[in-house]
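*Asks:* Guided by the hints, dock chain C onto chain E, whose structure is given.
Residue numbers (our numbering), protein chains in the order written: chain E, 9 to 120; chain C, 95 to 270.
Simulated from the structure, these hints should not be mistaken for lab results.
C-beta: ideal position from N, C-alpha, C; glycine also.
Accuracy of the hints is not assured; some may be wrong.
To be verified - One side only, chain E facing chain C, incomplete, derived with CB under 10 Å: (1) 22; (2) 31; (3) 38; (4) 42; (5) 59; (6) 62; (7) 68; (8) 102; (9) 105; (10) 108; (11) 109; (12) 117.
Here is what each chain is made of, one letter per residue.
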Amino acid sequence: MATVFHSQGTAVTDTNGAMMAAVLGAGIGSSAMGVFVLLNEAGLFSAPALYGPAGGVSGRTTFATIVWLVAWGVLHARWRSRDVTSGSVFTWTVVLVLLGIVATFPPVWALL
Amino acid sequence: MLFSERSIWTMVHGIGVGGAALLGLAAALFYLYAVRPTQQPTVNPTDPRAFVALTVFTAVMLWLTVIVGTYIIFPQYRATPPPGTTDLSAFPRALVLASPSTAWLHAFAMEAKEHMPWIASMLTTAVAFIAVRYRRTTLTTPAVRRLSFTLLAVSFAIVAFVSLLGVFVNKIAPLD
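The following block holds chain E by itself, in its conformation from the complex (with noise of 0.2 Å):
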């Protein structure tokens, strides 16, 4: 569905693809994020400490946030002249944004 634009009395078309790249892209980085705090909870993949005085946490969000622009990147480029189907992007990024939340909540960390 092409979006509308008013201005000055006229209708300008645009296609929502940047729109739904900005969106999903964000939910890819949230899950990124709590994937990778579940990997470090459960011993299987340990993030490094890329500033020392912080610890591994620095390690997780740095790669998080790469894993966010990267997932960003790709989906603005493949989408930005296209219209997408917004329910199914915003349906996919609620899910991913609710994995990302779950996952980075301590008390879920003690059922790995």
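*Replies:* Structure of chain C alone, referenced to chain E:
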């Protein structure tokens, strides 16, 4: 000196940039609520520049909050006391872990504060990008407005939650 350098950085993190981010999120949410369409859905006289500036400002404040928190506040919080230290007041993590009644402040509160705010930063940045890239559409198109509102509401909930946890930690083991 009235405040130590550690205490000043804590205030910059929690009240300065963190407080600005929380206020910015609340303001952006109210803005989206206030500009909801009325009887003329195709024409919205609202100037989008204020919302653009607000979301960009909030995203910048959130990133400053997590960066200062991770790279300036957290190293001081997790500093290990030298062997034989009996006064743990300068070592917040050791102090809260020393008592079973306060150990949850590290195991739950600080552990949550380490990661969750980064998610809020990503979500708010996405909304700021939408506000910049799609200016008027963000305010005039119901689907885009609902999308932005949802992402900002999740960010607000996260930031409010970790801010409250930060108050608890700072109450028991302040960085003085």
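*Asks:* None of the hints should be skipped; say for each whether it holds.
*Replies:* Hints, verified against the model:
| no. | hint | result |
| --- | --- | --- |
| 1 | 22 | 7 Å, holds |
| 2 | 31 | 5 Å, holds |
| 3 | 38 | 4 Å, holds |
| 4 | 42 | 8 Å, holds |
| 5 | 59 | 6 Å, holds |
| 6 | 62 | 5 Å, holds |
| 7 | 68 | 7 Å, holds |
| 8 | 102 | 8 Å, holds |
| 9 | 105 | 6 Å, holds |
| 10 | 108 | 5 Å, holds |
| 11 | 109 | 6 Å, holds |
| 12 | 117 | 8 Å, holds |
Against the hints set out earlier in the document, no violation occurs for any number.
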